[in-house]
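Engineer: Going down the list, the protein sequences come from chains A and B. According to our numbering, the residues represented by the first sequence are 1 to 348, in order. According to our numbering, the residues represented by the second sequence are 349 to 762, in order.
Hints were generated in silico from the structure; no laboratory data involved. Each statement offered as a hint is correct.
Below are the DSSO-like pairs computed for lysine-lysine, each with C-alpha atoms no more than 27 Å apart in a straight line:
1) B:K696 to A:K131
2) B:K474 to B:K501
3) A:K131 to B:K694
4) B:K727 to A:K85
5) B:K727 to A:K319
6) B:K650 to A:K261
7) B:K456 to A:K265
8) B:K564 to B:K532
9) B:K641 to B:K612
10) B:K577 to B:K590
11) A:K98 to A:K81
12) B:K641 to B:K674
13) A:K265 to B:K657
14) A:K131 to B:K616
15) A:K85 to A:K131
16) B:K392 to B:K470
17) A:K98 to A:K163
18) B:K616 to A:K319
19) B:K564 to B:K521
20) A:K319 to B:K753
21) A:K217 to B:K657
Going by beta-carbon spacing under 10 Å, a handful of chain A positions derived as facing chain B:
22) S76
23) N153
24) L181
25) F222
26) D224
27) L242
28) G263
None of these values were measured; they are calculated from a predicted model. Using N, Cα and C, we set each Cβ at its ideal position, and we do this for glycine too.
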Amino acid sequence: MNKNLICHRATEAQSIKQVEVKVEAEKKSLPLPMPLPRIFFSGSPCLCGTFFIIFLILSCLAPPYLFSSDMTLIASLSGDKIMGKFNQPSAIFFDESKKRLYVADTGNNRLVSFDPDFNFISEFDAGGELKYPMSAVRNSKEQFFVIGGPEKNGLFLIDISKKIFKQFDIRDAPARENPILPWKLAIDKNDTLYIIDKANGRILIIDSDGRYLREIKFENKFIDFSDVRVDADGNIYSLSTLERKIYIFNNKGVFISSFGKMGNKVNEFEFPVSIAISPNGFIYVLDQHKGSVLTFKKDGVFQSSFSKNKWKNQGELYKPYYIFADMGNKIYIVDRGNNRIQIFQGGK
Amino acid sequence: MRNLFKYSIFPLIIIGLLIISLDISRGAATHGKICLDCHPDLQKKISEEKAHTPVKDGNCISCHNPHASNHKGLLRNNEEVLCYTCHKNDKSGGFSQTIIHDPVRDGKCLTCHNPHSSTNDKLLIKKGGEGCFTCHLRDSLITGKESHPLVKKGECITCHAPHSSANEGLIKKGNADLCSSCHKVREKLFIDAHSGYPAGESNCSSCHNPHSSDSKSLLKASIHQPMLKRDCKACHNGSDSKNPLKLINNGANLCYNCHANTKKSFEKINNHVIGNRENSCLNCHNPHASDTKYLLAQREEKVCFKCHKDTENRVTAKAVIFKHPKFEDCSSCHTAHGSDNISFLKAKESESCNIGKCHEKQQIFSHPVGADIIDPRNKKEMNCITCHNPMGSGYKYNLRLDPDKELCEQCHRF
Numbered sequence: 001m002n003k004n005l006i007c008h009r010a011t012e013a014q015s016i017k018q019v020e021v022k023v024e025a026e027k028k029s030l031p032l033p034m035p036l037p038r039i040f041f042s043g044s045p046c047l048c049g050t051f052f053i054i055f056l057i058l059s060c061l062a063p064p065y066l067f068s069s070d071m072t073l074i075a076s077l078s079g080d081k082i083m084g085k086f087n088q089p090s091a092i093f094f095d096e097s098k099k100r101l102y103v104a105d106t107g108n109n110r111l112v113s114f115d116p117d118f119n120f121i122s123e124f125d126a127g128g129e130l131k132y133p134m135s136a137v138r139n140s141k142e143q144f145f146v147i148g149g150p151e152k153n154g155l156f157l158i159d160i161s162k163k164i165f166k167q168f169d170i171r172d173a174p175a176r177e178n179p180i181l182p183w184k185l186a187i188d189k190n191d192t193l194y195i196i197d198k199a200n201g202r203i204l205i206i207d208s209d210g211r212y213l214r215e216i217k218f219e220n221k222f223i224d225f226s227d228v229r230v231d232a233d234g235n236i237y238s239l240s241t242l243e244r245k246i247y248i249f250n251n252k253g254v255f256i257s258s259f260g261k262m263g264n265k266v267n268e269f270e271f272p273v274s275i276a277i278s279p280n281g282f283i284y285v286l287d288q289h290k291g292s293v294l295t296f297k298k299d300g301v302f303q304s305s306f307s308k309n310k311w312k313n314q315g316e317l318y319k320p321y322y323i324f325a326d327m328g329n330k331i332y333i334v335d336r337g338n339n340r341i342q343i344f345q346g347g348k
Numbered sequence: 349m350r351n352l353f354k355y356s357i358f359p360l361i362i363i364g365l366l367i368i369s370l371d372i373s374r375g376a377a378t379h380g381k382i383c384l385d386c387h388p389d390l391q392k393k394i395s396e397e398k399a400h401t402p403v404k405d406g407n408c409i410s411c412h413n414p415h416a417s418n419h420k421g422l423l424r425n426n427e428e429v430l431c432y433t434c435h436k437n438d439k440s441g442g443f444s445q446t447i448i449h450d451p452v453r454d455g456k457c458l459t460c461h462n463p464h465s466s467t468n469d470k471l472l473i474k475k476g477g478e479g480c481f482t483c484h485l486r487d488s489l490i491t492g493k494e495s496h497p498l499v500k501k502g503e504c505i506t507c508h509a510p511h512s513s514a515n516e517g518l519i520k521k522g523n524a525d526l527c528s529s530c531h532k533v534r535e536k537l538f539i540d541a542h543s544g545y546p547a548g549e550s551n552c553s554s555c556h557n558p559h560s561s562d563s564k565s566l567l568k569a570s571i572h573q574p575m576l577k578r579d580c581k582a583c584h585n586g587s588d589s590k591n592p593l594k595l596i597n598n599g600a601n602l603c604y605n606c607h608a609n610t611k612k613s614f615e616k617i618n619n620h621v622i623g624n625r626e627n628s629c630l631n632c633h634n635p636h637a638s639d640t641k642y643l644l645a646q647r648e649e650k651v652c653f654k655c656h657k658d659t660e661n662r663v664t665a666k667a668v669i670f671k672h673p674k675f676e677d678c679s680s681c682h683t684a685h686g687s688d689n690i691s692f693l694k695a696k697e698s699e700s701c702n703i704g705k706c707h708e709k710q711q712i713f714s715h716p717v718g719a720d721i722i723d724p725r726n727k728k729e730m731n732c733i734t735c736h737n738p739m740g741s742g743y744k745y746n747l748r749l750d751p752d753k754e755l756c757e758q759c760h761r762f
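Please build the complete structure, drawing on both the sequences and the hints.
Structural biologist: As structure tokens, then:
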């Protein structure tokens with residue numbers, strides 16, 4: 001009887017302690033520890049204290065990926081009666097100078113613009129000539145470069161004020177094995193364009209007049225560059241989906257480093273499809289099959305993963321396709337499986 | 349004094365160790381004898397010449413715990429751990445080269461080997477290729493009228509490494525090197541048979557099925573038209589040129605010379621043009637011959653999973669107990685070159701499940717779906733894929749969540 005009573009009190013003490021630990025863990029957003037062994041509570045209070053000290057030390061030593069990332073959903077754009085619904089959107093570009101958000105709404109053959117509060121402004125389809133826009137950027141002269149049609153996978157220049165919509169020729173680019181197939185675009189502060197040539201596994205770099213400057217390509221190595229970004233210093237970041245690797249090059253296009261591997265651990269890639277650079281230099285990698293955003297430092301050290309049930313609720317990602325980060329560290333994600341754009345505020 | 353120490357103490361230590369080891373082995377043998385009191389059927393095995401060394405020594409306890417165990421057969425550890433404690437490597441190149449035989453990877457050594465004794469070499473359960481044919485059914489390898497003599501004899505390990513290899517198909521050497529160890533590829537007869545081209549320098553299994561075929565020369569079933577007509581010049585330089593195997597055009601343009609219409613099939617929102625090798629078509633196709641449809645380089649699912657390995661891993665995971673019956677027949681739902689539908693689907697997401705009228709009945713009695721039925725979570729029209737994961741899931745009917753718990757509550761909040 002007495003023994004039972006002791007046991008019962010110990011269990012009670014344990015449950016109280018667990019509640020305290022739970023509250024503490026919730027405050028710190030830490031994973032909950034396992035129920036604590038009874039020995040620490042039924043016996044010596046000294047042992048109990050020791051356990052907490054060990055626990056605190058372990059918490060400090062725990063790798064950073066045990067902690068959730070700081071991303072808050074601030075908007076979800078899935079269309080309305082005025083603008084209609086998206087149909088397989090492919091890319092996003094945020095124009096910092098005009099504070100406008102542009103969405104390449106591929107299946108609807110249009111570019112759609114939004115104000116900084118994410119209200120629909122207008123749509124543009126070049127009088128019906130623009131087909132299947134896959135990627136879009138805007139230069140300092142307010143000209144758009146769009147990968148799309150009339151026939152798919154062409155590179156087009158759009159100057160709305162001058163009412164120009166024309167094919168943009170890449171001049172003097174070295175011929176490779178396959179015809180050029182532009183896939184994704186990025187632009188730097190000097191209006192230099194970075195084009196993924198999907199058919200030849202290379203990044204073409206051209207000036208705003210279409211003159212070839214250089215290319216990034218690994219000879220005799222199969223790399224499927226699938227997205228590209230440039231940071232404020234001109235460093236170039238790319239991604240190989242099939243290798244599950246991030247590649248970093250300096251502003252001369254010289255290879256600096258690469259990192260990443262396939263796997264289902266929190267810091268590994270399943271099917272990475274897009275990349276973005278935060279204003280404070282972190283690399284966001286969008287993993288389509290994980291339905292998550294993985295954050296790394298430039299040296300490849302994993303920071304955190306933002307991931308939910310990868311389905312349909314607000315803030316969840318289902319077959320996401322493209323990621324873009326603006327200078328305010330707003331993270332725009334084309335949530336293609338849900339036909340919507342989700343916008344998160346990243347940590348500052 | 350120091351020498352005295354050296355010459356007296358060290359021999360004593362060695363003698364002591366010998367006595368201890370003899371005692372241990374005698375002890376183990378004694379254990380073995382005790383085991384035989386109840387397991388007399390093992391007596392015969394112990395006396396067999398090809399018995400496993402611990403069995404010969406009566407050292408049953410090296411693998412078994414005589415009292416209790418968490419493992420079947422009172423084994424000291426899981427099968428996948430136990431064998432590798434002694435057999436850390438093998439003579440044929442180890443257990444951990446790039447390509448690993450499935451049972452080796454899974455630690456299922458007893459699939460092929462008998463742990464006690466065998467009348468066959470290397471403790472194999474069955475002699476030579478007969479063991480291989482247990483899983484790799486003879487009928488699945490010998491599919492044609494003709495077969496390779498080594499296959500007929502079941503001498504699989506002449507070409508294949510049983511545990512692991514650096515080469516696809518667990519072959520012991522690179523393809524051309526392997527074949528040329530028996531076939532005289534530099535002789536005139538051989539070169540003449542290949543229209544004057546030095547085919548022995550290339551990949552033989554590009555055209556030949558190394559196991560069996562209906563053709564005498566073991567050619568694969570589907571042959572690329574120019575090759576069938578022996579018109580090698582359609583793609584290669586002439587056989588009398590300095591570089592006869594060189595191609596006459598670069599990259600995919602070579603294929604588009606004849607397959608111009610195919611180019612259009614890639615001009616889609618989602619396409620599989622993936623370059624950075626000589627010809628992006630060769631990512632999936634074999635330009636000479638194939639035993640599969642569309643001259644695919646391998647079986648369809650192997651071609652797809654080569655890049656979509658994570659999909660294969662996800663769908664074949666133990667937790668995914670309900671799989672789409674056609675999940676290895678990728679092209680029944682997806683298009684290979686390009687598609688304007690999400691996920692390379694052949695039809696729109698809402699129509700995809702009824703391709704070929706596979707799920708015709710479900711179109712009649714299912715949960716309301718279609719343009720007017722809107723998913724409150726993402727404002728998209730509801731369709732089969734809203735609730736079902738077509739590839740597979742851990743819930744019946746490939747449902748995305750438990751239908752008795754949280755699935756319906758996603759939209760119907762009670």
